[in-house]
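J.: Sequence:
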Amino acid sequence: MIYHSNPDYIGEDFSGQVVVQQVLSGQVGAFRSRDFDGRDIVASFAPVPETSWGLVTEESWAALTQSSRRYGQSLLLLLALGVMVPTFIVAIGVKRIMWPIRELIGAAQEVAGGNFDQRITATTGDELEELAEQFNLMAAQLQESYDHLEREVANRTKELATLNTLAAVVSRSLNLEEILNDALDEALEIMGMEKGQAFLLEDETERLILIAQRGLSDELVRYTARLPWGSSTSGLAAREERPVFREVADYPESRLKDLVQREGIQLVVSTPLMAKGKTVGAIDLGSQTLRSITPEELSLLAAIGHQIGVAVENARLYEQAQELAVVEERGRLARDLHDAVTQTLFSASLIAEALPALWESDQDEGRRLLAEMRRLSRGALAEMRTLLLELRPAAVVEASLGDLLRQLAEAVTGRKDVSVTVSVEGQCTLPTDVHVALYRIAQEALNNVVKHAHASQVTVGLCCSSSLPTGAGEGQQKMVELHVSDDGRGFDPSSISPDHLGLGIMRERAQAIGATLEVESRPGHGTQVMVAWKGVRTDD
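Numbering of the sequence shown is given in our numbering, commencing with residue 1 and proceeding in unit increments.
Some hints here could point you the wrong way.
To be verified - Distance ranges between label pairs, derived from CB positions:
#1 A357 to D403: 50 to 58 angstroms
#2 T205 to E253: 24 to 32 angstroms
#3 H148 to H306: 42 to 50 angstroms
#4 T421 to K534: 40 to 48 angstroms
As the list claims (entries may be wrong) - Below, computed lysine to aspartate or glutamate pairings styled on EDC-like, alpha-carbon distance capped at 16 angstroms:
#5 K416 to E353
#6 K257 to E313
#7 K278 to E247
#8 K257 to E247
Keep in mind the hints are simulated off the structure, nothing from the lab. No residue lacks a Cβ here, since even glycine has one placed at the ideal position from N, Cα and C.
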């Protein structure tokens, strides 16, 4: 060292220092390091040209960076501002963008909750404002649709309630006149009208037959009692198979128009009564004031017309079924008269014709034939009584079960020369259904004896008894046993159908009253039918 700011270092050997080695090697440069006192410095070095010397300078790092630190603070402040200001501006922009979006989301939630009056106000002048306008338009359309739906639901609810009420009214009876009277009252109330008529269509004459009316004069009632198909609004409704309405002033000049105007009627609504695609009648409703008829009211009237039409058709079918049942019952009675009473009386008449001549030659045979004629007459009388019971079912309930069994036995004896013994033990006061079921079972069993058994001896037994109560508060237990047995040819139960010989019918009757039925038979050993019923009797 030939020179140093610190004289103590002059003459010292610093060849081991990195900076000295670099400068002696001819390098030029600078780097940050520490001096001998440990201070932070910047060492700069360069060789002296044309000599073996080198120049090394050391500057304090703190002194070198003192001015730049002041600029650094300013730069740091500017950097912070450069970060914060854009962030603030972006936040403001995002807030301006998100505010209408959040309002849109909130409005959508309100609409989803059913508040269709919700609207959005946006003045951004961009796509968000257009989106808000579209949302407001959608909300208005939803409100309109919801209001329309509420009206439709209210109308449908009213229609269903009306039809339900009408169904209850028309189902109370199967009488055509009652159905149409009740239906006319309901229709007038539903439509708020004052006068009306109900007709049935007569297919043969194509005339509407007046069945019911409300508020009309006798003159109009007489005129419309048998209304031609095509001379009125009801005829038009029947032909077109839909409700129609018409102002009376628009009617063609006719006697009908004059009569209707005298009633003060200004508007007529006609509804066809439909069943299975066919017109069965019509209902006319008259209003004394002009009013509009809405499509909903026409739809309701059409539904009413179909419902009443079905009720009318059911009533007609019921009447036809009753008529058919009467015809079938008459046919059955005629067959029974022919098979039993007629043949029995014919046999008795033959005996009566032959008896005078036979009595002259053989009185013993004459006495036997007299007894036979008496048996046939008693049997015919019993058969007639049985047939009369069929004509008056209430008589079956009124007669005692023992008397009914004896009457059946006499009828069997009259039809077949069979000895029938009837035994009755105890008093049998039974519920009506049990009483009738036991009678029918005995009747079927005895019919089987006549038709199939070829028996000479038949026994009918009825036993009625009461046991002690089975528990506290319970009445006496009524027990009834009925048996019909014969000494005929019998049959093998396993070889015939369970429904053969009326067995199925007897079992069904027994099951209906909770009784048990057993049939025992063997070929050549006769047949026995046994019925047992138990029930609680709480009265004396």
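J.: Next pair to validate is K278 with E247; report whether the Cα-Cα distance is within 16 angstroms.
T.: With Cα atoms ~26 angstroms apart, K278 and E247 exceed 16 angstroms; violated.
J.: Would you mind confirming whether the straight-line C-alpha gap from K257 to E247 stays at or under 16 angstroms?
T.: 10 angstroms, holds
J.: Range first: 50 to 58 angstroms. Now tell me if the beta carbons of A357 and D403 are that far apart.
T.: Hint violated: Cβ distance 39 angstroms, outside 50 to 58 angstroms.
J.: Given the hint that K416 pairs with E353, test it: the Cα-Cα distance must not exceed 16 angstroms.
T.: Cα-Cα ~21 angstroms, so violated.
J.: Does the Cβ pair T421, K534 satisfy 40 to 48 angstroms?
T.: Cβ of T421 to Cβ of K534: about 26 angstroms, so the range 40 to 48 angstroms is violated.
J.: Honestly, do H148 and H306 meet the 42 to 50 angstroms range at C-beta?
T.: 26 angstroms, violated
J.: Does the Cβ-Cβ separation between T205 and E253 fall within 24 to 32 angstroms?
T.: 25 angstroms, holds
J.: Within 16 angstroms, alpha carbon to alpha carbon, are K257 and E313?
T.: 31 angstroms, violated
Checked against the numbered hints given earlier, this structure breaks hints 1, 3, 4, 5, 6, 7; the rest are met.
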